[in-house]
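Asks: If you're matching them up, the sequences are chains A and B in order.
Residues in the first sequence are numbered consecutively from 186, following our numbering.
Residues in the second sequence are numbered consecutively from 121, following our numbering.
Mixed in with the good hints there might be a few duds.
Said to hold, decoys possible - With beta-carbon atoms standing in for the labels, derived distance ranges: (1) B:H263 with A:L189: 21 to 27 Å; (2) A:L584 with B:Q298: 46 to 52 Å; (3) A:L584 with B:P161: 56 to 62 Å.
Keep in mind that the hints were calculated from the coordinates and are not lab data.
Think of the CB as a built atom: it goes at the ideal place given N, C-alpha and C, for glycine as much as any other residue.
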Amino acid sequence: MKILRIAARNLLRYRRRTLLTTLLITLGVMAMLLFVSTSGSFKAMMVGQITDSMMGHLQIHKKGYVSSIDSLPLTMNMKPKMVEKAAEQLAQMPQVEAWSERVKFGAMFSNFAETTSIRVNGVDPQREIQACPELPNRLLSQLDSKAGAPFLERGQLIIPELIAKGLKVNVGDPVVLVATNRDGSVNGINFVVSGILEGLSGPGGRDGYLHIDDARELLRLEDNEISEIAVRLKSPEQQPVAMQTLQKTLGSLTNQQGKPAFEIHGWDKLSPFANIAKMIDLMTLFINVMLVAIVLISVMNVMIMAVYERVREIGTLAAMGTQPNTILKLFVTEGLLLGLVGALLGILLSIATVLVLQQAQISFDFGRQSGLILHPELTLSDLMWASLMVISAAVLASLQPAWKASRLNPVDALRQV
Amino acid sequence: MPIVEARQISKTYRSGDIHVEAIHPIDFSIDTGAFVAFVGPSGSGKSTLLNMIGGLDKPSAGQLKVDGIDIAALDRKQAAQFRGDTIGFIFQDFNLIPVLTVAENIEYPLLMVQNWSVQTRKERVNTLMEAVGISEQAHKFPHQLSGGQKQRVAVARALASKAKLILADEPTANLDHQTALRIIDLMKQMRDEFDTTFIFSTHDPKIMDAAECLYTLEDGCLTAQPNPATAKEGQS
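Make a model of the complete structure from these sequences and hints.
Replies: In structure tokens:
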């Protein structure tokens with residue numbers, strides 16, 4: 186018997202009230218878990234796209250580069266010694282999967298009839314694919330190439346979709362890039378458009394790509410200097426640790442003037458999508474607060490009613506010698522059971538709904554991207570967190586009525602009609 | 121040997137500046153195994169006296185000892201412990217726990233208050249159900265029982281933890297004549313069988329006839345009157 190059985194029977198005694206409260210908690214848990222799973226899926230998809238096809242999980246620049254990133258200054262490139270030091274450090278870090286060195290610059294793009302400005306990344310194709318494995322998936326069209334050939338070869342240029350449409354340039358068309366070198370001189374090289382790239386929001390999302398050696402030739406860079414290093418980690422969760430390590434090592438290195446030589450940024454500090462991700466986190470927090478409020482109010486309401494209606498019964502229990510803390514436990518257990526059953530039902534129904542949503546393959550558009558498929562998922566930690574929150578709130582809500590019940594004067598309680 | 125000893129106990133209620141003396145200083149003692157009743161008009165203080173003896177309330181002045189324990193000295197937890205160990209209550213409205221079966225109601229004080237082992241609990245519950253004649257109803261819930269059956273359960277529950285003293289507040293008020301007589305007989309039988317002291321608060325002439333001594337409370341004062349037909353020695 187003991188407390189659990191008595192509490193369960195007392196809840197069943199007021200079936201309708203118990204059912205309604207449990208239903209409310211269940212719906213609250215479902216709302217929270219479904220929001221977490223769908224928004225989490227959206228967030229993970231967008232973050233994945235940004236980090237896996239464009240930015241990497243973190244980037245290393247020469248100190249001051251990011252604040253003037255809009256102009257892609259060649260004067261802020263990292264010299265070979267710096268690149269060497271950074272590479273040495275990255276090679277020692279177990280969290281790092283790959284990194285790609287880039288030369289970024291602005292140029293004039295011409296199809297021999299029209300001219301426009303373009304931002305381009307000079308990359309080593311092999312290393313870029315390792316650091317941003319989803320980059321080839323952004324190619325809307327590309328030149329037929331031999332199996333196993335790199336996605337970008339010397340003399341080829343991948344251009345963003347916007348420029349291709351604006352200047353009516355297709356894959357295979359000859360184009361010319363003209364760039365101003367660091368010393369102010371101008372140089373131009375002919376390229377063949379080898380691919381058209383889908384645009385993404387954020388810095389670098391509308392950049393073109395060319396081979397790093399072509400970039401150096403165009404810019405007449407004699408040293409192997411670079412603008413940035415994009416780093417891919419084995420797991421996105423390792424970003425804080427990796428950042429900390431890099432800040433400690435590279436971040437503490439100084440230049441000849443005694444000022445910091447490097448700056449290290451996570452993707453979230455560079456991409457505006459981080460603000461959307463923060464908004465999603467904020468909304469998740471808001472939904473959590475709503476859920477806790479629902480549980481607190483509904484359980485407290487039920488428990489206050491329970492104590493009010495059972496005053497005489499509480500008096501009888503006290504008269505028989507039941508200790509005040511046992512009476513307290515009886516009512517807290519009722520609240521606990523309400524929370525437990527509500528959480529359990531909510532979790533089971535949420536899992537079922539998520540499975541249905543996964544089967545339904547719901548697609549959505551975001552910005553310039555369309556046909557994105559939602560993959561809602563619930564992790565064990567989501568479920569644990571929801572259960573913990575609901576059960577804690579239910580216990581908390583029943584504490585005050587339970588305390589009141591345990592402090593009732595038995596004589597007054599027995600006198601209650 | 122007295123199980124209840126009251127020396128100059130009184131009870132005063134305060135309502136703002138007004139003091140109402142529900143019980144004037146009184147002395148009395150009740151021996152172990154007695155079968156006695158407090159009688160008197162409504163509001164005379166019978167229930168108050170019963171509540172004080174049961175450790176539910178405390179005297180405003182004087183000393184009240186039950187089974188050698190000074191009631192006024194007990195805090196909330198100690199009072200609960202005292203009630204669980206020493207006192208059994210029988211109420212006018214039976215006050216059974218509606219979500220527990222007959223057997224579970226009787227078992228409640230043994231499990232939740234005294235923590236007896238499963239085997240001894242079962243034996244005790246079966247003995248008591250047999251003694252009060254409700255073994256057939258063991259698995260029924262209170263709402264499935266008649267008034268007489270409910271009061272039998274209440275008697276068995278009060279006796280369950282081998283209480284030395286049973287306090288019964290108008291135990292026959294909600295029963296018909298025949299059922300009331302049977303319940304009084306049952307309680308007497310239980311007193312004889314378990315040597316438990318029974319103290320009633322009542323208006324019921326049937327209980328007054330059965331009681332060995334009547335303590336009449338009127339205007340807060342107490343007078344004891346042994347019943348010559350039933351009196352045992354030792355009441356004063």
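Asks: Against each hint, give a clear statement of whether it holds in the structure.
Replies: Evaluation of the provided hints:
1. B:H263 with A:L189: 21 to 27 Å: This hint holds: roughly 22 Å between Cβ atoms.
2. A:L584 with B:Q298: 46 to 52 Å: 48 Å, holds
3. A:L584 with B:P161: 56 to 62 Å: Once the Cβ atoms are compared, 44 Å apart, the range 56 to 62 Å for B:P161 and A:L584 is violated.
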